[in-house]
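J.: Sequence:
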Amino acid sequence: MEVLQRSWPWFVILGVVAVIGGILALIHPGFASLVVVVWAAWAFIVLGVGQLVHATVIRAWSGFLMTALMGILALLLGASLLLNPLAGVVSLTALLGAMFLVYGLAKVIIAFNIRASANWTWLLLSGLISILLAVLIFSDFQQSASSLLGILLGVELLFYGFASLMTGMALRSRVDGSR
Numbered sequence: 075m076e077v078l079q080r081s082w083p084w085f086v087i088l089g090v091v092a093v094i095g096g097i098l099a100l101i102h103p104g105f106a107s108l109v110v111v112v113w114a115a116w117a118f119i120v121l122g123v124g125q126l127v128h129a130t131v132i133r134a135w136s137g138f139l140m141t142a143l144m145g146i147l148a149l150l151l152g153a154s155l156l157l158n159p160l161a162g163v164v165s166l167t168a169l170l171g172a173m174f175l176v177y178g179l180a181k182v183i184i185a186f187n188i189r190a191s192a193n194w195t196w197l198l199l200s201g202l203i204s205i206l207l208a209v210l211i212f213s214d215f216q217q218s219a220s221s222l223l224g225i226l227l228g229v230e231l232l233f234y235g236f237a238s239l240m241t242g243m244a245l246r247s248r249v250d251g252s253r
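Letter 131 of the sequence shown, counting from 1, is numbered 205 in this note's numbering, and no numbers are missing.
Calculated directly from the structure, the hints in this document are not laboratory data. Treat the hints with caution; some may be incorrect.
[As the list claims (entries may be wrong)] Simulated pairs of lysine to any residue, SDA-like, Cα-Cα distance not exceeding 25 Å: (1) Lys181 / Leu108; (2) Lys181 / Pro159; (3) Lys181 / Leu210; (4) Lys181 / Leu149; (5) Lys181 / Ser204; (6) Lys181 / Ser218; (7) Lys181 / Leu166; (8) Lys181 / Trp194; (9) Lys181 / Met144.
From a predicted model like this one, the values you see are computed outputs, not experimental measurements.
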C-alpha cells in the first residue's frame, strides 16, 4: 500500500491526461472515431502477427491450420481498416448498432421469462435502453457512423480520468494523513 500511496501523483497525472483526452474526443468525435479505428487496426495486426508466430511454433498440433487462418484473417482485417478507416468507422458503428439491437431483444425476452423474479424489470429496462440505442444509431446512421465511436471513447476517457483523479486524491490524503 505504501508504494501505491507514493505513486498518487501518477494517478492524478493520468487522470488529467484522460480527462483532457475525453474532452477533446467529445469536441471532435469524428476525428476520435478515426483514432479508434486506427487503434483497432493496429491491434488486429499485432494479434495477427502473434497468431502466425504461434502457429509456426505449434506446427505439429492439429489446431495449427485454424490458428494460422485466424492470424491471416486478423492481419487482413487490420490492413483493411488501416487502408480505409472511414469504411471501418461505418462498419464498426453498424456492428455496434446490431449488437445493441440483438442484446436488447435478448434481454427483453429473458426479462419476460423471469417475471417471477423480484427485479426482472431492471433487465427489461436495460433491454429497452439497448433497443433504443440501436434505433438511435440506425435512425440517423450517417451522423451516428461519423461520431458514435468518438463519443464512446470520450465518455470512457472522462469516466476513467475522473476515477484515476479520485484515486490519486484519496491516496494523497492518506499520505498527508499519515504524516
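J.: Could you tell me which of the numbered hints above are not met by this structure, giving the numbers in increasing order?
T.: Hints 1, 2, 4 and 9 contradicted; others consistent.
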